[in-house]
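Work the whole structure out from these sequences, hints included.
Residue numbers (the working numbering), protein chains in the order written: chain A, -5 to 299; chain B, 3 to 253; chain C, 7 to 261.
Everything labelled a hint here was simulated from the structure, so no lab data went into it.
The structure displayed is predicted, hence computed values, not measured ones.
Among the hints, erroneous ones may be present.
Covered by chain C, per the in silico footprint, the following chain A stretches (three or more residues, Cβ under 8 angstroms) [stated by the list, open to error]:
1. 71 to 84
2. 108 to 114
3. 128 to 140
4. 160 to 169
5. 177 to 187
Using N, Cα and C, we set each Cβ at its ideal position, and we do this for glycine too.
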Amino acid sequence: MSYCLNSFLAGCGFGVDEPEDMEYNEMEQEKNWVIEVQDVSYTYDGDGKKALDGLNLNIRRGAKVAFMGGNGSGKSTLFLCLNGIRRPDTGRICIDGKPIRYTRKGLLEVRGKVGIVFQEPDDQLFSASVYEEISFGILNLGTDEETARKEVERVIEELEITPFQDRPAHALSGGQKKQVAIADILVMHPEVMILDEPAAALDPKHTGKVEEIVESLTAKGITVLMATHDMDYAYDWADEIVLMHEGKVIRQGTPFEVCTDRTALEQASLELPAVVRIYERLKEKGRIPGDIAPPGNVDELIAYL
Amino acid sequence: MPKKQKIVTGAYIAFAALFAVAPVSNAMHIMEGYLPTGYCVAWGVICLPFLIAGFTSLKNKVKENRKNLTLIAMSGAFIFVISSLKIPSVTGSCSHMTGTGLGAILFGPAAVSVLGIIVLIFQAVLLAHGGLTTLGANTFSMAVAGPLVTFCVYKLCRTAKADRRVSVFLAAFLGDIFTYCVTSIQLALAYPSEAGGVAASAVKFLGVFAPTQLPLAVIEGILTVVIVIGLETYARPELRSIGFLSDRKEA
Amino acid sequence: MLLIDRLSCQSKLRYINASVKLMYAVLTLALCVLSRSAAVAALVFAVNGILTAGKGGIPLSLYIKLLTVPLAFLIAGTAAVTINISGEPLDAFAVPVGEWYITGSSAGICQAFRLCATALGAVTCLYFLSLNTVMTDILAACRKLHMPPLLLELTLLIYRFIFVLLKTGTAIMTSQQSRLGNRDFRTRVRSFGLMGSSLFILAVKRSNALYDAMEARCYDGSLKVLSREYPARRRQFAFVILFELFLGGVWFWCG
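Written out as structure tokens, the structure reads:
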């Protein structure tokens, strides 16, 4: 933020920073980028269209980022590129400042840092036993058996999986499978956790549970990237929203910044969150002063009234 | 994953599906404890070379491309599922497909032996069809002998330029019949008749199971053709890559 | 979806060490089949019934229903063994049919009786294992026996995938039936065939997705997993050994 302000001021003729200071600020910013995507393109075999088209993106460490866009906008493909499952045709991706190396060791390193919880748990759970399923990831990281057991049991308790830990995977409900899918990744202590539409097909109870889990992730300092169609939730939860359309990022910024960019929203086929709609209407009608900061969520809006 | 491998693996799946063994009330699996110990062991030993060959073949496939592991596993699951779902029968009774047809046609008999024995173990444990002591005998009749015949008949028909559907039907049908005959002979060898020895006993067993097995073989032949045509319609590129449509010999 | 699989999760004997259960089932099965003695088989049948339906808590009605599953084969097979068609009548029974007799000998009937007993006893051993042990525990026990890793990995994956495909397959069939896909024989054949090919294509897609998910968790070529351990108790081992010795004694004594 301060970098933008400084560039603005500098642009206006106010030479606020010396060149050396500017470079230092830049470096500071880069150290904070946990993910950098530079000009990445990807086309699936046999497809004519590009799934990702010269995409550029930076993600700050510890941020809560919501990815939004229509089906086919490239969110899932981007996620698969971020942990090396798909290799971009052009461009490069840096994790923690280092470009992804597509060697066995390099990929293992990336995947230890960046974990993906897939949208469909049945596409992720390969073992019928919950315990075995969760132990898979951490064993692959080379952890010894004893420590691995402790970690698996810790995660099972933390995510409240204990009541159904002895049931076979096929006897679990969708929400329970989702909890196991998240546990699968959490046990590996990733720095970045990507959740591809985590609340898809979940009932309100389990959606609430997932939201709780996501809050605890941020509390641990994990960077959370989430693909979602729920505008209201994204507006409330996210530090940043990334709008995608046809393989490109069309807008990235704070929730309010993004939501006031009508063209971008339209392009991504998204609607304004209810909070913003009500806020703007109330402002129009003069019910709330125009200079007040936009509300972050429903509670804040109610407080204004 | 290279297309060719995808197809070959696809074939494994199909094969596996075909391999599905015995129906609920149609008894092609020899039940648990039915064979004397000597025969259990003997049939197991006879299967071993085929199993080892199949296992080596699968190992190589996975070594070539690790992705084949899940594909091969899906094939095994597919076979089990196809064999556990009820198929339409003329009489309305409970019938299930065996599946020796499709798999052998698409993939060849080698790897099907291994997938077959795994499916048989699951059928014994999860469905009580067959048994652990009779695993050797059942594997030989359903995972080795049947698929071999299906594969050979299919290749022969194609070489003779017979119509594709006829080839598939004949191969699946004859594979099924052969499995049923082998099972009857296995039983006859273990329980020779007092009047007429092994031969008479074989005739008796053939006779006893014929009413269920013969119609089943026909239906299975038809279903195999329908599934193959379905695959040809929706999965043409993959099938062409395995060489299924172009008739190239692929083991 | 699969009855035996569901019941195995509910068994009261579920948390007994799987290796002990496996050892018991296999040894008892072996003795039953080796001895081909009606006395041994009857004992095995009774003990397994008590263990499974009694101690294991499997509902008796379901247990009996499951015991009838191999009956069709047993009856057909036993009939084939007992009944002969021959020119000469044998000593147990002989029904003349034209020039031939449908006949059987008492030795044959005796053999058939022992065969039925052995088969039923053996089946209860199989049921003891499958109804009281969850499949993943059986696989974990096999892993300890150092079977070829690829075989065990395939079996682990196949077991999980079976349920994924069963769900999809039955969903497709239900959907077909809702749209009159089972109207007549011809339609049913076509529906089943279409279901089969669709299921196959879905299976390929699923397998790719599952592989990606495994890779995303650093899969490096060997499927390493940890199983929950339920330590074996010496008392259980002792019971198994003593019981097998007892069976051996019964075999030796009663023949």
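Results of checking the hints against the structure:
Here the region 71 to 84 of chain A counts 3 residues with a CB under 8 angstroms from a CB of chain C, which clears the bar of 3, and the coverage holds. Only residues whose C-beta sits within less than 8 angstroms of a C-beta in chain C count toward coverage, and the region 108 to 114 of chain A has 4 of them, enough to reach three; the restraint holds. A count of 7 residues in the region 128 to 140 of chain A with a Cβ less than 8 angstroms from any Cβ of chain C is obtained; the coverage claim is therefore met, three being the minimum. Counting residues of the region 160 to 169 of chain A whose CB lies closer than 8 angstroms to any CB of chain C gives 6, so the stated coverage by that chain holds, three being the minimum.
Figure legend: the region 177 to 187 of chain A, annotated as covered by chain C; annotation consistent (3 residues with Cβ-Cβ distances under 8 angstroms, at least 3 required).
Hint check: no violations occur; every hint is consistent with the structure.
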